[in-house]
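**Student:** Residue numbers (our numbering), protein chains in the order written: chain A, 794 to 1108; chain B, 794 to 1108.
Since the hints were made in silico from the structure, they are not lab data. A couple of the hints might just be wrong.
Put simply, identical chains are the same to the list, so a pair is met inside one copy or across any two.
[Claimed, not checked] Below, in silico cross-link-like pairs of lysine to aspartate or glutamate (DMTMM-like), each with a Cα-Cα straight-line distance of 25 Å or less:
1) K1021 x E1054
2) K1049 x E1018
3) K895 x E859
4) K1080 x E934
There are 2 protein chains.
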Amino acid sequence: MTTPAESFAPRRAEPIFARLAIIGIGLIGSSIAHAAKDLNLAGRIVLFDRDEAVRARARELGLGHEIAETARDAVRDADHIILCVPVGACGAVAAEIASELKPGAIMSDVGSVKNAVVEAVAPHLPEGVHFVPAHPVAGTENSGPDAGFPSLFLNRWCILTPPEGTDEAAIARTRQLWEGMGAIVEIMTAPHHDLVLAVTSHLPHLIAYNIVGTAEDLAAVTQSEVIKFSAGGFRDFTRIAASDPTMWRDVFLHNKDAVLEMLGRFSEDLSVLTRAIRYGDGETLHKHFTRTRAIRRGIVALGQEKPETEKLRKD
Amino acid sequence: MTTPAESFAPRRAEPIFARLAIIGIGLIGSSIAHAAKDLNLAGRIVLFDRDEAVRARARELGLGHEIAETARDAVRDADHIILCVPVGACGAVAAEIASELKPGAIMSDVGSVKNAVVEAVAPHLPEGVHFVPAHPVAGTENSGPDAGFPSLFLNRWCILTPPEGTDEAAIARTRQLWEGMGAIVEIMTAPHHDLVLAVTSHLPHLIAYNIVGTAEDLAAVTQSEVIKFSAGGFRDFTRIAASDPTMWRDVFLHNKDAVLEMLGRFSEDLSVLTRAIRYGDGETLHKHFTRTRAIRRGIVALGQEKPETEKLRKD
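If we strip away everything but chain A, and leave its shape as in the complex, we get (with noise of 0.2 Å):
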């Protein structure tokens, strides 16, 4: 049971655009396709995905108005065009729908990843085709059409990386479309947002990838052991590291450089803490533990999360 999107946000009189296509049918673009007719921020919502099983599921959801059967189709006389495909795939598919982009659409997307997109996209876009690249930092452990729900980006951050020049009135108008979906939208450039994202999710993502493939190799504790006693804290990491692989392979592989620079630091800082274990060194353990609590108190300060207390606990 979702929540009902009319319950969070209001249903517009007035659509933003005519026609919104969505290329893509996952986690993202279904919810973009939930809120987005619920809302009324499109007048016609065209999907389409290059899997013909998810085409037909998502037609069996009732997801938009239409499932195109080509990315062509569904993009032809669109108004905003959002690729919600792994980052690695923008560049091949922006090269396929080209020509069909109508003057002054404005071309989005919702990658994790926004320089490697901009620099695969761009090159390809006719005059007078906008480009707005946006990035929603939300996601649940689900894929799939299935997965998709109308409130998904609900008080979330939705990052635009417009490139230099961009037309003021594209930004606003695909500001408008995130903000009627509930998001909260912040505007930066595309490196930067790469920086921050390396930092914030690229590597806790990796960093939890990694753990929990060291704990399935152990031979001396079985997996229902691991499995068993996750609650340790072992837990909160392996639902990162559910997340779906093919997006994540793209993510690591179109940043990084950010991602390599994040890894090295967090390789040396670990080598510190790791030697302090070794000599017994309580009191450099102690000095670090302590100023990691400043970071968290703020992250609950800004209502990014509530403290953890007993009502808050799943389990």
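On the provided structure of chain A, position chain B as indicated by the hints.
**Tutor:** What follows is chain B alone, placed relative to chain A:
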């Protein structure tokens, strides 16, 4: 507002222990006091903390039946004694109270490390005192006498690690106490416990502390940006990294060998992923990210956590 104990466990007509002593009034100690009193698991509950302000606060909160002025007063004539102090303090407390322990009494603790506690505590125990170490795998990010609540242990594992030859009746009564508070009891050896927890709890905590520290040190990304966009994955780490610094310092210092072993494996594995990113080896990344999903499914299947759906989202 906390869940009343009687809503999740039956109140006993007859207590399990006539006198229960709790040394250390933090999150765990105060939670035991709440649960044991509400459910009549002990006829008289006496608490002690070496911090005078904590004792005063415990009195205000009405924890247990009595707050003693010394550890020796607290344990005198007790049938069951639980050390709820950091792992590194257990030996000293045991030495201090040993002469007051009566024959037949059961000494226990709640440390996240077991081998080091057994080694530190056992030599001090007089003949006739049983020793049943315990580790409730439960906690929140909060510490201190105000943090406790009676349902902390509900449906959480409590691992007992009685040394070989421990009196079976003493083990059974300790099990009764924890099961009485809603925990699910498991018995294993102390060394095996330390290995299992090194993976499922100690390593995740160290990694979380480390990544939060790394993020804090960045100059190019401001702390407010880290906080703002933490929902992308980072936030899950900050909760763990807000845990009690003293407790965790002691865990790492007292489970050194197992933690260093796990850290070694973790770092090796991370090198493989780092290399795959550097050389654009998407296949290695995708393969790794796919297999880590299986362990998550295991955790969800075992009911250790519900899958993340819209209903469960806190944000």
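**Student:** As a check of your reading, is K895 near E859 (CA-CA no more than 25 Å) within one copy, between copies, both or neither?
**Tutor:** within (19 Å within a copy, 79 Å between copies)
**Student:** Taking 25 Å as the upper bound on the Cα-Cα distance, should K1080 and E934 be classified as within, between, both, or neither?
**Tutor:** Between copies, since 17 Å is at most 25 Å while 34 Å is not.
**Student:** How would you label the pair K1049, E1018 (within, between, both, or neither) given a Cα cut-off of 25 Å?
**Tutor:** between (35 Å within a copy, 20 Å between copies)
**Student:** Checking an output row: K1021 and E1054, CA cutoff 25 Å. Within, between, both or neither?
**Tutor:** So K1021 and E1054 pass the 25 Å test across copies only (21 Å; inside, 35 Å).
In summary, the structure agrees with every hint in the numbered list given earlier.
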